Amino acid sequence: MANENKKVIMLGNEAIARGAYEAGVKVSAAYPGTPSTEISEQIVKYKEDIYAEWSPNEKVAAEVAIGASVSGVRSMACMKHVGLNVAADPLYTASYMGVNGGLVFVVADDPGLYSSQNEQDTRMIGRAAQVPVLEPSDSMEAKEFMKAAFDISEQFDRPVILRTTTRLAHSQGLVELGSRAEIEDKPYVKNIQKTVMMPGNAKLRHVVIEKKNLELAEAANAHPINTVEMNDTAIGVITSGIPYQYVKEALPNASVLKLGMVNPLPKKMIAEFASKVEKLYIVEELDPVIEEQVRSWGIEAVGKEIFTIQGEYSANMLREAILGEKPEFPAPAKAPGRPPILCPGCPHRSVYYVLNKLKMHAAGDIGCYTLGAVAPLSVVDTTICMGASISSLHGMEKAKGKDYIKNWVAVIGDSTFLHTGVNSLMNMMYNKASGTVMILDNSTTGMTGHQDHAATGKTLLGEPTYAIDIPALCRAIGVKNVVEVNAFDIVKLEKVVKEETAKDEVSVIITKSPCVLLDKSKKPFYIAHEDKCKKCGMCMKPGCPAMTKNADGTVRIDDTMCTGCGLCETLCKFDAIELVKAGDR
Amino acid sequence: MAAKNIMIVGVGGQGTLLTSRILGGLAIAGGYDVKLSEVHGMAQRGGSVVTYVRYGEKVAEPIVEEGQADVIIAFERLEALRYSHFLKKDGVLIANDWRIDPMPVVIGAAEYPEGILEDLAKEHKVYTVNATEEAKKLGNPRVFNMIVLGIAAQHMDFTKEQWYDVIEKTVPLKTIEINKKAFDVGYVRRMMESEKEKTDD
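Respectively, the protein sequence lines represent chains B and V.
For reference, each letter of the first sequence is one residue, going 1 to 585 in the numbering used here.
For reference, each letter of the second sequence is one residue, going 1001 to 1201 in the numbering used here.
A couple of the hints might just be wrong.
Said to hold, decoys possible - Cross-link-like lysine to any residue pairs, in silico, SDA-like; alpha carbons within 20 Å at most:
no., chain 1, residue 1, chain 2, residue 2
1, V, LYS1125, B, PHE329
2, B, LYS267, B, GLU278
3, V, LYS1122, B, PRO330
Just so you know, these hints were derived from the structure itself, not from any lab.
Remember, it's a predicted structure, so these values are computed and weren't measured experimentally.
Could you build the full structure based on these sequences and the hints that come with them?
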């Protein structure tokens, strides 16, 4: 690809994809997860040189990448922080195996929980799995560190984690493009001591990787990825990643040790830097990973006692904590909150309206439909992790008996069902459950921005492919009661939910209606006739954001938001809501 | 120059990401260092969203903090209010005079504040336009953000040609003309206002 040496603006995730291209990567696998999704979407641009796929989950993606590495090519897997939990099993053992072709896991943390269920710190997992962790601080570094990650991976025989955070992944900055490295495939030589991790081999590999880690820790002291900027020595800061930018903004005169490699740490370099500054601060978002190690070496430093373990940092926060300067600005205005909601026309709203009407509880899962937890729908009672809806409902039944869950269902999306939900459904059948699972099939991975999956019939590279038949899959597992309903047919849906939850057998109800955002065509919309409106409020019950109550209690529909789903018309008993064809505006 | 700090605030789905791509393109065309920070994922589903744009000789931090914004471009009134404390004392607010009720208001748990833009105008330089209605007149309510940008353009550091050029490169091919037309609506409107301000002085 041309464009070498050209400066362009790139999202952090786009720069990581470019870095993969320039590093000569040949295989990339991932499961979508904010804030990592765009990496794979951007890698598609390089599909002539890189094979890229959506795998059904992060464990599978990691194993695809490991296999590619064993065969001798540079390969990678991308995921969000909680995705690494799913992929932890292969990661910990890949760490013992080392690599043939370079192997990189790109893992995106989410300080501040913009789109996640927890705030875990991937650097901790890197340490636990004894895997090197690199952390870039802007788009340009994101690209360059990808190349460094592959070099380190091959030089030290380690899989490497490139850790990002939401602020890096979703910030754009200038990037100078380079050309793709022509990396020759490493020959595959059968060596089961390195690739068959049975106890006798793994025991020996553990010794080898401890040695390799020590070598890398020593090399880190002189590696150009870690840099020292000596300025005024009154304040010295050790930092890495995005917090480095806040340090530069708040403390332009301070001396800074910027760590590009956050595991293992360059002990000598840190000790030397600490000896040159009067007061040492350690600025790192989330867990005190650097701080605890530095202190364990007997080096005095200020850290989490003045900074926080939660959320994102900022320059203002550092000015206040370190310099005691309180920035001046007016108090935030009192404004009603605007939490995320299901979109106008979302098929999940219709499903939750019915479940709410029937006073059902739902064991929930990860996706847009998690938003069914909030008022006015208020149906979802639990959200834990991918696939947990089905298995946690099963746990409730085993704890309290089948009658206890007659007013419960599990709700899970199509992509999440294929991710790990299917295993939980197997468990229900195997262990004689009787619960009802609702698969809210909107034909896409919605929350992350509409990615294909194993049941959509299209690959990441845009090629048509076999689409898994979800109802047939459920039947193959042994579920006898598999019912498909249109999400917007609320009369039928209500009947089906009542029937299936009453049964003493496992049932799967599949509400098949595509995500409203998939169809980009101009849609019809509804108008409310104020003269016919009886102010009964029925149409407002599902909480559609396109609908507003006027001061007199009648209802108004925002024609720029309405997508013509028809739920409000179905609920209106007075013909006050009328469909207008698209274009008749 | 010191970095110029712009914020684009609105409701998820209103096109803040497209707008930030345009501002990023402009900063490059102007030869500046630039950083933008966006919101993807769950908040994009109808939640309050904010995009930060900073350009100048050298930009470190990718976000704009409280009290530091030179320009806030608000696509909705309540969001203008929510982020108003980010404005510098002499900062400018450009607001789409449009209301989208958040869920607490829809379900009656909170009230939508009245007179937001009027109140903000007492403290700050505020330019408002009902861009959504204006865009409907052009035949596509979705291009309202270009009308707001047309107004904002006169508080930033780029020529009209640069704006046109970047709009052409950023929006879908079929919508180039209507997007440019929408930009003109805001641009001309603000220019006339600014002429009037001069005569009034």
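Hint-by-hint comparison with the structure:
A C-alpha spacing of about 16 Å is found between V/LYS1125 and B/PHE329, which places the hinted pair at or below 20 Å, so the restraint holds. Of the supplied pair hints, the one linking B/LYS267 and B/GLU278 holds, its CA atoms being roughly 18 Å apart against a limit of 20 Å. About 14 Å separates the Cα atoms of V/LYS1122 and B/PRO330, which keeps this hinted pair within 20 Å; it holds.
Every hint from the earlier list agrees with this structure, and none is contradicted.
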